[in-house]
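**Q** Sequence:
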Amino acid sequence: MKNITKILVISSKGGVGKSTISMQIATPYLYVHNDKQPIRYYEFDDENQDYLSFGASALSLRQSVKTSNDFLREEITQIFSKNESVCVDIGGNKTTTLVLKAFRDSGMIHLVDLVIIPLLDGEQDGINASIVYNTLKHLNPDIKVLFILNKVRDIENIEYQFENYFGDPRGIFNEKYALKTYLSKEDFGNYALLLENDVIKYSRRFGLTIYEIAKQQRDFITLLKNNAKLGSTSTPPDEKEIKLLSFKNYMDNSSKEYYNDVIIPIFKKIDKILDQ
Numbered sequence: 001m002k003n004i005t006k007i008l009v010i011s012s013k014g015g016v017g018k019s020t021i022s023m024q025i026a027t028p029y030l031y032v033h034n035d036k037q038p039i040r041y042y043e044f045d046d047e048n049q050d051y052l053s054f055g056a057s058a059l060s061l062r063q064s065v066k067t068s069n070d071f072l073r074e075e076i077t078q079i080f081s082k083n084e085s086v087c088v089d090i091g092g093n094k095t096t097t098l099v100l101k102a103f104r105d106s107g108m109i110h111l112v113d114l115v116i117i118p119l120l121d122g123e124q125d126g127i128n129a130s131i132v133y134n135t136l137k138h139l140n141p142d143i144k145v146l147f148i149l150n151k152v153r154d155i156e157n158i159e160y161q162f163e164n165y166f167g168d169p170r171g172i173f174n175e176k177y178a179l180k181t182y183l184s185k186e187d188f189g190n191y192a193l194l195l196e197n198d199v200i201k202y203s204r205r206f207g208l209t210i211y212e213i214a215k216q217q218r219d220f221i222t223l224l225k226n227n228a229k230l231g232s233t234s235t236p237p238d239e240k241e242i243k244l245l246s247f248k249n250y251m252d253n254s255s256k257e258y259y260n261d262v263i264i265p266i267f268k269k270i271d272k273i274l275d276q
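When we follow the numbering used here, the leftmost residue of the sequence shown carries the number 1, and every step to the right adds one.
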């Protein structure tokens, strides 16, 4: 059964992982809840088209939307008036301001089911995230928000890496810029951890999401053995192909682990927030 859900991924700061989280988290989540049928994906950005890195992905129907036009409000209304799941990846800086204004003027901000705000561990990341959060809550006090702390290095000491979210655990630095200062008690608990891992980078090289790599049924070991056996015949083995198969086997195992250990818990967190 399809579950129609509309998700925004937004931060006014560039380089925090909006497109990564849109393609690696939001899109697979929506795909799974859409009877595993492709969902609509829109990237609102006049400067970048990061979705092109996932050219081989079959999870979404992707397109770019220009924000420097006079019909942005109408385009957003058209997108959100349809009865279909959608992921919207909103670029940073001026783009954030323009798109949020269009969401306000169109009233479509009230049709958004979830907003995901990514952030890294820098001070400015926390400041920008708090500004976006406060703006969203001003536009729609009931809007549901998930913060994804990106490129987590050590789960056990997460408070030390992300002081910009939790505040300084040492009690040394001023916490006026920590997100916990601005969040409601309920929203403060709405965070998830995206661990730093090479599978994020290399899945892009293959043009696929981690979800798709994890779900594929490929026997790379048999292919590896068959290729290596060619060395005992008149045809020499293809060294480059052996290296590629070895790497694909690594990606297959690593993606399955990452999907189970990192992505599924985020899916469950999204379910919990949407059910609130």
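Don't read these hints as lab results, they were simulated from the structure. Positions of the beta carbon are idealized from the N, C-alpha and C atoms, including for glycine. It is possible that some hints are incorrect.
[Stated by the list, open to error] Below are the DSSO-like pairs computed for lysine-lysine, each with C-alpha atoms no more than 27 Å apart in a straight line: (1) 82 to 36; (2) 256 to 36; (3) 268 to 144; (4) 101 to 137; (5) 256 to 180; (6) 201 to 180; (7) 94 to 36.
[Claimed, not checked] Restraint ranges, calculated between C-beta atoms of paired labels, are given here: (8) 250 to 107: 44 to 52 Å; (9) 138 to 185: 16 to 24 Å; (10) 238 to 135: 36 to 44 Å; (11) 135 to 244: 41 to 49 Å.
**Q** Using the C-beta atoms of residue 138 and residue 185, is the stated range 16 to 24 Å upheld?
**A** 19 Å Cβ-Cβ, so the 16 to 24 Å window holds.
**Q** Verify the proposed pairing of residue 82 with residue 36, using a straight-line Cα cut of 27 Å.
**A** Between residue 82 and residue 36 the Cα gap is close to 19 Å, so the pair holds against 27 Å.
**Q** Residue 101 and residue 137: Cα distance at most 27 Å?
**A** holds (13 Å)
**Q** Holds or violated: residue 268 and residue 144, Cα atoms, limit 27 Å.
**A** holds (15 Å)
**Q** Would the pair residue 256 and residue 180 pass a check requiring their Cα atoms to be no farther apart than 27 Å?
**A** violated (33 Å)
**Q** Next pair to validate is residue 201 with residue 180; report whether the Cα-Cα distance is within 27 Å.
**A** violated (30 Å)
**Q** Measuring from beta carbon to beta carbon, are residue 250 and residue 107 in 44 to 52 Å?
**A** holds (48 Å)
**Q** Would you mind confirming whether the straight-line C-alpha gap from residue 256 to residue 36 stays at or under 27 Å?
**A** Given that 27 Å is the threshold and the Cα spacing comes to 18 Å, the pair holds.
**Q** State, for the Cβ atoms of residue 238 and residue 135, whether the hinted interval 36 to 44 Å holds or is violated.
**A** violated (55 Å)
**Q** Regarding residue 135 and residue 244, is the given constraint of 41 to 49 Å on their beta-carbon distance met?
**A** holds (46 Å)
**Q** Given the proposed pairing of residue 94 with residue 36, does the C-alpha separation stay at or below 27 Å?
**A** Judged against 27 Å, a Cα distance of about 34 Å means the pair is violated.
When held up to the earlier numbered hints, the structure conflicts with 5, 6, 7 and 10 and fits the remainder.
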